[in-house]
Structure formats: structure tokens, C-alpha cells
Amino acid sequence: MAHEEGAEVVVETHALYKRYPGTTALADVNYRVYSGRINCLIGENGAGKSTLMKILAGADTPSDGHVSVRGEPVHLDSVAAAERAGIGIVFQELNLFPDLSVAENIFIGHELKRLSLISSSAQKQHASEQLKRLGLDIDPDTRLGDLYVGQQQLVEIAKALIKKVDVLIMDEPTSALSQTEVDVLFEVVRSLRAEGLAIIYISHRLEEVMNLGDHITVLRNGEKVAEDLIANVDIPWIVSAMVGGSAGEFENLPSSGHAPNFEVRNLTLKRTNGLYALDHVSFRAGRGEVIGIYGLMGAGRTELVETIYGMSRNAGGQIVLDGADLSNASAIKRLKAGISLVPEDRQTSGMIQGMSVRENMSLSSLPSYAWSRLMPWIRRTLEQRDAEGMISWLRVKCASASVPMTSLSGGNMQKVVIAKALLTKPKVMLFDEPTRGVDVGAKTEIYKAMKAIAEEGVTVIYTTSELNEVLAVSDRIIVMSTGRITADLPRTQATRDQIIECSAPTAGAAEALIFS
Amino acid sequence: STASAADNNDGQKGQIAILVNSLDNPYYAAEAKAAKRKAQSLGYSTLVLSHNEDVNRQHQLITSVVAKGVEGIVLDNAGSQASVSAVRYAKQHGVPVVLINREIPEDGIAIAQLSHNNVQAASQVAHKFVQKLGEKGKYVELTCNLADNNCVARSKAFHRVLDQYPDLKMVARQDANGALLDAKEIMDSILQEHPDIDGVICGNGPVALGAIASLQNAGKDDVIVAGMDGSNEEIEAIKSGKLYATAMLQAQKIARVGVSELDKYLRTGSTGRPERQLFRGILITKDNADKVHDFSYGKK
Amino acid sequence: MSLSTKLMPQNSRAATTSRVFLLILRLRIFLALFAVLVYFAVTTDRFLTINNLLIMAQHITIFGILSIGMTLVILMAGIDLSVGSIVGFAGMAAGYLIMEGIPIGDHVLFLSVPSVIVVTCLIGLVIGLVNGLLITYLNVAPFIATLGMLYVIRGAALLSNDGSTFSSLAGYEELTNTGFFFLGTGTVLGIGTPVWILAGLTGLAIVLAQKTPLGRYIYAIGGNESAAVFSGLPVRRVKLFVYAFSGFCAAIVGLIVTSQLHTAHPMTGDTYELRAIAAVVLGGTALAGGRGTIIGSVIGACVISILNDGMVMSGISNFWQMVIMGMVIIFAVVVDQAQQRLEKRVLVSI
Amino acid sequence: MSLSTKLMPQNSRAATTSRVFLLILRLRIFLALFAVLVYFAVTTDRFLTINNLLIMAQHITIFGILSIGMTLVILMAGIDLSVGSIVGFAGMAAGYLIMEGIPIGDHVLFLSVPSVIVVTCLIGLVIGLVNGLLITYLNVAPFIATLGMLYVIRGAALLSNDGSTFSSLAGYEELTNTGFFFLGTGTVLGIGTPVWILAGLTGLAIVLAQKTPLGRYIYAIGGNESAAVFSGLPVRRVKLFVYAFSGFCAAIVGLIVTSQLHTAHPMTGDTYELRAIAAVVLGGTALAGGRGTIIGSVIGACVISILNDGMVMSGISNFWQMVIMGMVIIFAVVVDQAQQRLEKRVLVSI
Ligand SMILES: Nc1ncnc2c1ncn2[C@@H]1O[C@H](COP(=O)(O)OP(=O)(O)OP(=O)(O)O)[C@@H](O)[C@H]1O
Ligand SMILES: Nc1ncnc2c1ncn2[C@@H]1O[C@H](COP(=O)(O)OP(=O)(O)OP(=O)(O)O)[C@@H](O)[C@H]1O
Ligand SMILES: [Mg+2]
Ligand SMILES: [Mg+2]
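Protein chains in written order, with the working numbering: chain A, 152 to 667; chain B, 1117 to 1416; chain C, 19 to 368; chain D, 19 to 368.
Bound conformation, chain A alone (with noise of 0.2 Å):
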């Protein structure tokens, strides 16, 4: 039922394993693309879809096992190999040269030429014709550094789409979209697959793999644990594939009546383009309570919690904690005085990956271990006493407080961070997108893991793109759109169709697009 007849496999992967110090993202995944068909790879976050497609596309090598194309193996060693055997791809995370124009980021790699020199004129109405059959209007020469994050992200598909390929890989391509971008999108996948093309689709929206796959295939937790044809299946069958039975269930009562002790007023913060990327955010929130923050790619969740704790010098509005003006403290300060953050993306801000585990706990808290100010040894009994705590508390699966960063998985590193905010003893805390990238059971564990620390009278507030997620463990749910909060409701009476609604960057666009 798996193999379709009549359908030709392009490329096949056998075997296939990939293991990175403490995790293994792949294992033994025998995978197939079909020509002329709408491949969707469907997971849950960390389940190794990237991992997959980046060998695919010639990104990264596998530990073992091989791929091969049209019953060829291939040795896909570089993107340009993988380019040449006919496979490209639009990578999750964007890939593109803020400093270059618009044009030259769509024709990096394969530019137009004219006597060896690279035409700019040719490449910019080819640039301008892929764009409006994206439908993205803009002057190619425009420095992509100045685009909003969901053109950006049309910008990395043009790219994909002028190289002649008859594989094409698009990793999450509408995480930052809105509804019109997307169909129009839509459109352009099928009249490619009317074109013969194989495409690998992956996303986290299942009613859009419905509605625009042929085949669907699901990983778990690195392993291929299901294949069948759309037309087959049903979402229910999906995200059972998914998660594995009863796994990621999490219980939640929202609780009511905290006493308020943090309150923003008006923030605003300006991006380089004028746009507003924080366009006057105001919310209060209360001792104990859950604030879940939703929207899409770009809506600015992540510049508010780094505004809030301190990151952006620019911003204006007034910060509020215990009746104490935060609003033109420090980092540091703001830390001192009780908010502490688990940054977005772990790997680049939320840790030092030379270091141990028991380091980068107390990395936030050290003053706290040194004897006295004038003789300030590290209590390295003490450290390490907390850092076992925190490592049970949080159920870090880790040999030893001893052992290097780099040899956790996603989870376990996502709760070393956690750990290193909480050891400060923060009164508001804040989690941006606290599951990205993490398994499963590290994601139950996480929000069981927030709600505790709400419990003990800590003001939780994080951001996340998964509806499911917001309304898990949240009390109430705030969305943003472009900038500003479109939605402040409490849990009870929030409905995932209003979320959807005011999470639209259309919601808000008209007016959120204001000059000074």
C-alpha cells in the first residue's frame, strides 16, 4: 500500500543513519520520492525531517548508510553536488546575504552571464518575474536585509525555483506566511508537479498536507515509522503516526486570580526598515500565572520577551515589576531584579557549548557561589549541589553535571538553559519558544516543567507557533501580528479559529505599517 504503482521513485535513501554527541537524529531511514508528486514529510519537532532533507541536499553527510537517485547511488557531498544531481532545496532556516540586493540573493551561485560578466539587468526582470508568480511585488534591487521575514522567505523559494532541478526540497516554506501567500504558493507547487517535479514538502500544518500532498511519510523520534498515500489517510491517523499513541498528552487547568506584579506599557521598537517590529505592546501579568504568546514567523513574539528582559536599547515604554520602573535598566539590572529569559535559539544564545553542564547552569548566578566579594572562588560544592539539583528537578538526562553541553540532545539542553534562568531566582520568567527542536517527551516534560515553576509563584510568559502548544499549559493567550498584540484572552475562552484569525499578519498589517 506504501509503493505507489505507475509513480517513479526518484531518490532513495537506505539505511540511512545520523548521529550527532548525544542524539541520534537518524536511524535506519529508508526513504522514497516520487516523481510528479507532492512528497510530504511529516514529524514532530526534532523528529529529524531538517536532518533528513540536509543530506538530501548535500548539507551535511550521513554516519552511514546511502542514497541514490533514479536507482544511482550518489555521494552527495557539497549543495552543488546535490545541485547536480538534480535536487534542490529551501532550507528552514533562511540562507541568504542581508548586505546583497534582492537579485543577487535569488542568483547567488547561478548568476546570469553576458561575456563571463554577470548581467544585472537580466537578472533583475528574471528576479521580478519569479517574484510576481510568488506574488511578492518588490523592486529587486531592494537590500534583502530590509525585507520582513515572510518576504525574505518568498525570496529564499525564488531561489529554489530558478535552478533547474527535479527535486525540490521546501523545508517548512510557509512558517512565516499568511493565508493569500500561502495559496499562492500553493499554486505554484502544483503547476511544478504538473511539471514533473518531485517535491518533498514538510510542515507542521497538517490541514495544508491534506489539502496539497500525494504521499505522506512520518518520522519519529529519527526512525520512519509510517508511509501511505494522502488519499489514504486522516489527520487523526497523522498525528497518532506522529507522537506514537498517547505520548504528548499534557492535562491543564488554567488557573485564575493571580495578584498582578509586572506590567508593559506601551513598548515600541523600530527595525532598520521603519517598521514597527514592536508597535505599542501593552500587557499586565500576575504572580503564578501562564502567559502563552502565539503568532507566526515574524511577528515580533521574539522582540518582545528580548525587549522585556533588556536586549534592545532603543526600544520606548515603560517596564514594571513590583512597582520598580525597569524601563531604563540594564540586562544586567533587570536580571537582578527578577526577569531572566530562555532565549530563542539555544544554540547561539542560550549556551556555551565548551562548556559542562554544571557551568552553564550557574554561567547566570555565579556571584552567588564566590566566598565574598574580596575573595571570589567559586564554592564548587555548592555549584555543583545546585546544578544536581536542578539536573533532578528537571529529570536532565545526563551522565554527569560533569560532561560537556555539546554530547545533550535538543531537550536536555533546552533544560540546562531553563535551569541556568531559574538559578537566578527570577520572579518573571520568560521562554521563547521553549520547545523548538526538542523530542517528544523533553516537550511534555518542559511545559510540566513550567508549570511547576508558575506554581512556586514565578509569572511564566512564552511564545510558541504551535496552537497546540499555546493552549496547553497557558491561563491565558496573547497573539501578535506584525508587531502588535491582535488578542489578550483568557484560556477558557480562547478558540483556535480566533487564534488563527488574529495571528494573520494581514490582521494587523494596515495599521501596524506606520511611519514616523
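Quick caveat, the hints were computed from the structure, so don't treat them as lab data.
Check each hint, because a few of them may be wrong.
[What the hints assert, rightly or not] Mimicking SDA-like on lysine to any residue, the simulated pairs with C-alpha atoms at most 20 Å apart in a straight line are:
(1) A/K578 / A/R438
(2) B/K1244 / B/P1282
(3) B/K1285 / D/S332
(4) B/K1254 / B/Q1280
(5) A/K314 / C/P252
(6) A/K602 / A/R524
(7) B/K1336 / B/D1312
(8) C/K229 / A/R265
(9) B/K1129 / C/R64
(10) B/K1355 / D/S186
[Claimed, not checked] What the simulated footprint calls covered on chain C by chain D, stretch by stretch (three residues with Cβ under 8 Å from a Cβ of chain D suffice, anywhere in the stretch; the number is not a length):
(11) 38 to 52
(12) 144 to 157
(13) 174 to 188
(14) 260 to 269
Everything numeric in this text was worked out from a predicted model, so none of it was measured.
Glycine included, every Cβ here is placed at the ideal spot set by N, Cα and C.
The hints should help you fit chains B, C and D with the ligands onto chain A, whose structure is shown.
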């Protein structure tokens, strides 16, 4: 003044460029100062420059001052062979050049080549050194910088004397880059290999002073050190007995003569002297150390 | 509503002022050049004569040519500390080829002058390639790889003739390998050959950087190396090319200096790498890569050279020259930072 | 199955071999030291005498002390090119204070030797602080900021006495400011004062780097500066401290050299920054920051110094010394890269 090396108060006769190696070496500083004073007393203004042993920079400096229209150049050059083209350039553009201290291997381009008689001076130092050692013993030679012809000439002259004595053995020879600290560290190492040496003969002043610093630290006050140059520092060392002998190179005199000959050439079209002239190095020991100041002998 | 219309400027006074200020900052290296020229023209006799301008142009060539190769390296977020040593080694190589020839069995092969030039350039290229290989294949940080090569190549230059120079490189009439001096001291249409070489290389490098895919890749790698890898750009080959090109430029400088001096001196080019880097930075290229221009660097080299010559002619002491040089370098980057901040602000305020 | 059992090593032969190999790589700087010592002990007479070892220890102090400050800078992913110039300037400052004194109105104030030492160290500290301010507050890249300072401070050293030395720094009996030479040439328990200073500074820096929050912050900033900022660390203050400390170390070196030579020479320390960086890299500190040890750098300085002294004693020419030096630097990093790869492989294979 310390800030400006140019002095335009009294320049009715035009400007003379004085170009030496580096102004942080007392020898060259003495040369430059003497030339400057002499030129000013003759009614020229001066431009004092240094090339820091960089032949390309020397070339650029010469082309610049020629373009500026100086009357003449007094040059202590950056490397004999590599300076020929720069000197020729000046001559072709009608600017006479007097070479001091270092010669170039071609005749007829510079109007004068005044150099120290390194052979005579080094031989005298070597003789004195041999006498003091009693014609026997172990010694070390520290050369100053073998890429420099003067240094090679001195070393050869040393050996022409020292090699005549069969009981006098050279146990080590190293090049110390003409620098104080290099000389000290090299001497430190050599002393390990040869703790029983009787003398050290050095190619220039800083090297001798570096060797002395090393010997002092090792408590070897009885090792005989001889050097060459005759800077104030060396003279102090001679007076206090740490340095046995040196030869004072007449830096001031050579610079003054150089400027006078340039002046004469500018006035009359000829220096009236042979192109190559040698200046005697003056042997300095404790007996006559008092008479030396700033590379000048006789007046105090 | 398209973004381009959204980005239309508002015409407020404040915005206009910052725009004018920004324009001044963007053109600062040209203004600096102008300022230096005017200052010395006023204060120093005979500074602004045709003759002196021609001479200064000759002086500019040395750091100008080095700065071209260095710009490409720095645009790519690399650094090349070995260029000074390559200058010295290339000179010695040329000297050796002209005066000693290549021993083949019992015979000695003397190359014609054009061949000597080509071979020397190739030697520079190969040394640059070694830098590139160390950096790309052995993963040595550019600073360390080229620092190591700085010592190795300088040592090799000194060893090549036991520390001595190769002098009077006139060649031998009977071997028809004369004419080497034309490279450094000849003139074409009244302007020195080195100036033509600098002009040619500048043009070439500008076209390369602005108009060819290779140039685009250099900017891309400097801007975001991992994105460059993920975009399938031939990152390693581009790096190899750029370091080889830097070595090539250094070899040309070595040839020019040697030809001007009629002598190859093994210590030639000592510490030139620092001045070349200074010229590049002065010209507005960011050490972090991805941002800068060739023409900026060449003008940066002009400013440094003219400042130097001007200070020499107006008799400012060597010691002050050092202090001024250091301040100029730091000041250039401080101004660059101010420009970057203002660029952002102006963008925001529109 | 718990993770800890998963982390149990497989007892395959291959894994053991790579473990042994990894251990060798980790200890390579000690092995290198041992190899250099054994080689010269065998080939060179009197190399392994107590006396020679004491002398070599003295020589090590210069680059050893510089490398301590440099290690902290490089651990933080910075670079300090100005240390050589600070060495020269500090020496001149000490010379000035001892021989000329500070003019106050009509009087001249002569400081006692300990005060001179303290003031000179403070001067080094302040220059380092200027580096730090340029880097943290004016956003100048460390390479450029310290390159600029390299020129400025060297120029200042030369200007301070118009290019001349301050010589015979014995002080004046009647002013009771004699005794400066003890710092460089004195001995305590038969071992030279500078060696004690090196040992003291090494101990201090090790404690600082390994045992204090400040040290942890230095590693964190070098390991991932953005994570350090997000963790609320006082990044700027740490940077200021580290550059100031590097300036302080350089000033101490300046004092020692001056005291050993009995003379302050303005060009002292020229290009020492490169050798200090080489020592740090040799000792296994990554130029990218975040990884390395103080003791590694000090031993790296030992290897470089002993290699130097050994080559001098066995009469290897200067020119070869340069070539060997360059190769050693490059080789050290190539081996370091190999170690990093192997570390990863061993981590994955467990
Ligand atoms: N460079 C790396 N080093 C260590 N571990 C990694 C690395 N890249 C990915 N991983 C781990 O491999 C696993 C699979 O990650 P991958 O990015 O493939 O997931 P994904 O299915 O694409 O998730 P998402 O839906 O969040 O994009 C995760 O546990 C992740 O933490
Ligand atoms: N218009 C824009 N111009 C430049 N950069 C942008 C723009 N919009 C978003 N970005 C950048 O893209 C990234 C994601 O955007 P942002 O932080 O605003 O969204 P978010 O709601 O947190 O979404 P996510 O966390 O899913 O990325 C940020 O690093 C932000 O600086
Ligand atoms: Mg993914
Ligand atoms: Mg975000």
C-alpha cells in the same frame, strides 16, 4: 625642538636632506645632529629623515626630497647595493649626494663617499684585546649584523689579527642583529656552553653592552669585553671597567665633513677631494675615555 | 502597496541633515584624500607640482597593489599577514632567475625578462595558494596560517642568498635578459609603469568584485559563510583563489620594488602587511567581511602614502608619523562605526 | 535503559586506540616541551645543566608573562597587537621616572623604586584600558584598535626621549631610588626574580581563569559572546579588565627587560606581540576563543624560548630559526584541529 626635525629659520642657501638609518640608535642620532648643526651654520635649512634599514623606503624618501627640490642629500644608506639606484636617481635629477658611514660599490655617482676605516679600527681593537688576554685563551665573537658590509668588514679585520695567535681559540660565533637584548640572550646561552671564556669581542656597541649585561648577571666580571662604536653608554662602561676597549667612530666628524664637502660642491662644482675617504676610528680605553662625548673626540 | 513605496523618505529637516551627513560619511575617504592634498599643497612648497604628483603616484603603487589583494581577502573575512614576506621573497626569486639562472644538469637556463616576471608572479601565486590550502583544507585560522607563512617565507628569502642581496639586476646583454628595470622605472606616456600596473589591477579587481560571480561569492562568503555553503557556492575554491590572488599582488610589488632598486633585498616588505591592512580599513572595508570596495582601499592607500610623503616633505619627525598613523587607523574605524549607526538611523527615520 | 549506561564506553580495540591517541594529543604541549629538552640535551653539550636551565628560565619570563595576558585576551576571542609597544613604552616610562623624575613646579619629584614599578604597571594598565574602551565602547575591532595603538604607543615611546635610550638606570644614592636592577637580575633562593614573577603571575592567572566568576566569564564570552550577553554577564567590564590586564603584563615585561639591560630602549619589544600570540596558539588556545589554558601558553612560551636558545647553542642560523618558527606555529594548529576532530569522533562513538 623634539617635534620638528625641519628647521627653516636660516635657509637662504636652500635645504639639505639628511637621511640616516634610525634615530633611535645613538650613533645615527649623533650623525644626524652633527650634520644638521653644520648645515645650519653654513646657512642651509635641513630635513632629517630615517629609513629604518628599509631599502624601498629609502628609495621613496630620496625621490620625495628630490621632488621637493633639496640642494643636496647627506645619506647614511640602507644597504650598499640596494642604494645605488636611489643615489643614481638623485644624481640624474641634479641633486648631489654625499654618502657617509656606508659606501656603495660604484664610483662616480655620489660626489663623496666618506666612511670609517673599519679595518683599521677593528684591527686596533683586536690588538688591544689580544694584549689584554695575554695572547691566549678562549673567546667569543658576537657579530652585529652580517647583512651589513661594515659589520662583515669588522669581523674580517678582527680575524686577521686574532687568527695569528694559535693559543687564542674562538669557541663560539653568533650574530646578534646589532641589538641589545638579542646580544644578552645569546650571550646567556653561550655562557652555558662555555662558562670558562676569557673574552668577548663584539661587532658594535649595543651588542657589547648586551654581552656585558649578560656577563654581569652571571657574575663574570673578569671576562674581557671589546666593542666598537664609542657611544656614550660604551664610554660609561669603559669608565666603570666593564668594557675594556672600543673604537670610537667619528660620527660627528664624518657628518660635518660630509656637509662641508656638499657645500663646497654646491658652491664650486667640485669637492676638491677624492671621492672615497676613510676616517680613522679612535681606540678608546680607560686612559682616554674622558675625551669622548657624543661620538666626538677631544672636546668635552 | 509595495515596499518600495513604503520606503519613500519623509522630507523633514532632521532627516535631510542626517542624509547630508551620511553622504559625507560615505564619501569620507575621497574627502580625506582631498583634505590631505589641500593641506600639504598649502603648507608645503613644491608639493603640488606635476613632478611630485608623478613621484607620489609611484609611491602609492606599492601599498595600492598590496591593498587590492588584501581587500579581497578581508572582504571574505580573512586576513593575510604573509604579503610582506612574499614581497621580499618574490624580489629574491626574480634576482636569482636573472643573475644566477636555473641550473639544469650541466647547463644553466636564463629566462627572458617577461618569463622571469611570469615565473615570479606564479611563485607568489603558489605561496598564496599554500596559505589558502592551509586555511581551507587544514582548517588553520587565517591569522595563524599567514603568520606562520610570514616567518617561513621571510626565512626562505633570507636563506635564498644567505642573507645577501642580488644586486645590479641588469641582466646579461649576451643572454638577452636585460630590460628588467623598465617594470619599475620605465614610463609610458610620461607616467611610470608601476602606476599603469596599479591602474590595470584596480580596474581588473573592480570588475572582478562587482561584475563577476566570483566577486559576488567573495562578498557572500564574507557576509554569511554558512549561508554561502548552504547555497552551494564553491567556498573553498573561492578562498583558494583569493589567497592566491593576494600572493600574486605581493609578487608584483616585489618585482616593482626590485626593479626600482636594481637590487633584490631579502628584508624588503617587512611589516608591509600592516600598512596594507591599514589602507584597506581606511578605505571602509569591514574587518568582519562582506562590506567594502576595491576603490576605497586604493584611495586608502593613496591617503596613507600621501600622508607619509607629505609628512616627510614638511619635516614631521618619524616618531610623530607613527603616532599619527595609528590614530588615523583607529579614527577611520570609529568613523565607519558612526556611519553604520547613522545608516540604520536614517533608514529608521524615513 | 538509562543514558548513563548508553554512555559506557564500548570496549573495542579501535575506541581504545583513539582514546590513547587523544590523550597524547591533549598532552602534546608537554610532550613537545619534553621532546625539545631531550633533543637539545642529547645534541648540545651543557644544555642540561642547572645553570643553563636557570638562564633559560630567565629568557622564558619575557614571552611567558606576555603570553599570560595574551591568553586571557585570546580566550575571549580578542587579540592584542599592542603589547610589544607597551613593553617599550613601559621601559621608557620607568627610565624617565628614575633618571629624570616628575617635574612639579620648580621641584622634581623622584619616586622610590617600588613606586616607580607601581606607576609603570599602572601606565601599562591604563594603555590596556584604552584598548578595551576602543573595543567595547567605540566598537572598533580588536585587531584594528590594538594595531592602531601599536603605532601610537611605539611613537610615544620614541618621542619620550627623542628616540634615545635612558641608560645606566642605577638611580641616585642620595635620592634613595637605587635598586631597580634587582627586578631583572636579582635572585631569591638562587632563582632569578623574573622567574618568581612569572611563577606568581601564572599562579594568579590560573586561579583567576579556573576558580573565579571572572575567569568563567572570560571563557563564556570567548565560547559564545551572544550567549554571554543573554546570560546577563557584564561583558564590557570583563573585556575592559582583560585588555587592562594584558597591558599590565606587558608593562611588567618592560620593567624586567629594562632592569636586565640597565637601559630603557624605545624600540624594545618590537614584534613581541607576534611571538606571544605564537606561544598562546602553541599552547593549545584557540584563536576563536573559549578554549585553552594559561599553563598551556606558559609552556608554549617555554617551548619557543628553549627552541630559540637551543638553536642558538647548536649554532643554527637565524634564517633557519625563522623558517622553523613559522612551521612550528602552523603545525601546532594543524595538530589542534586534528585533536578537535578526534574529540568529536570519540564523543559520537561512545
Ligand atoms: N548540528 C547538530 N548537533 C547536534 N544535534 C543536532 C544537530 N542538528 C540537529 N540535531 C538534533 O537532531 C535532532 C533532529 O533535528 P532536526 O532539525 O532534523 O529536526 P526536525 O524534524 O527538522 O525538527 P523541526 O520540526 O523543529 O524543524 C534534534 O534532536 C536536534 O537537536
Ligand atoms: N522586517 C524585518 N526586517 C528585518 N528582520 C526581521 C524582520 N522581521 C523579522 N525579522 C527578523 O527575523 C527574526 C524573527 O522575527 P521575529 O523575532 O520578529 O518573530 P517571532 O514572532 O519571534 O518569530 P520566530 O520566533 O518564529 O522567528 C528576528 O531575528 C527578526 O529580527
Ligand atoms: Mg526542521
Ligand atoms: Mg521568535
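Hints and how they fare:
| no. | hint | result |
| --- | --- | --- |
| 1 | A/K578 / A/R438 | holds (8 Å) |
| 2 | B/K1244 / B/P1282 | holds (17 Å) |
| 3 | B/K1285 / D/S332 | holds (18 Å) |
| 4 | B/K1254 / B/Q1280 | holds (14 Å) |
| 5 | A/K314 / C/P252 | holds (16 Å) |
| 6 | A/K602 / A/R524 | violated (35 Å) |
| 7 | B/K1336 / B/D1312 | holds (9 Å) |
| 8 | C/K229 / A/R265 | holds (10 Å) |
| 9 | B/K1129 / C/R64 | holds (17 Å) |
| 10 | B/K1355 / D/S186 | holds (12 Å) |
| 11 | 38 to 52 | violated (count 0) |
| 12 | 144 to 157 | holds (count 3) |
| 13 | 174 to 188 | holds (count 5) |
| 14 | 260 to 269 | violated (count 0) |
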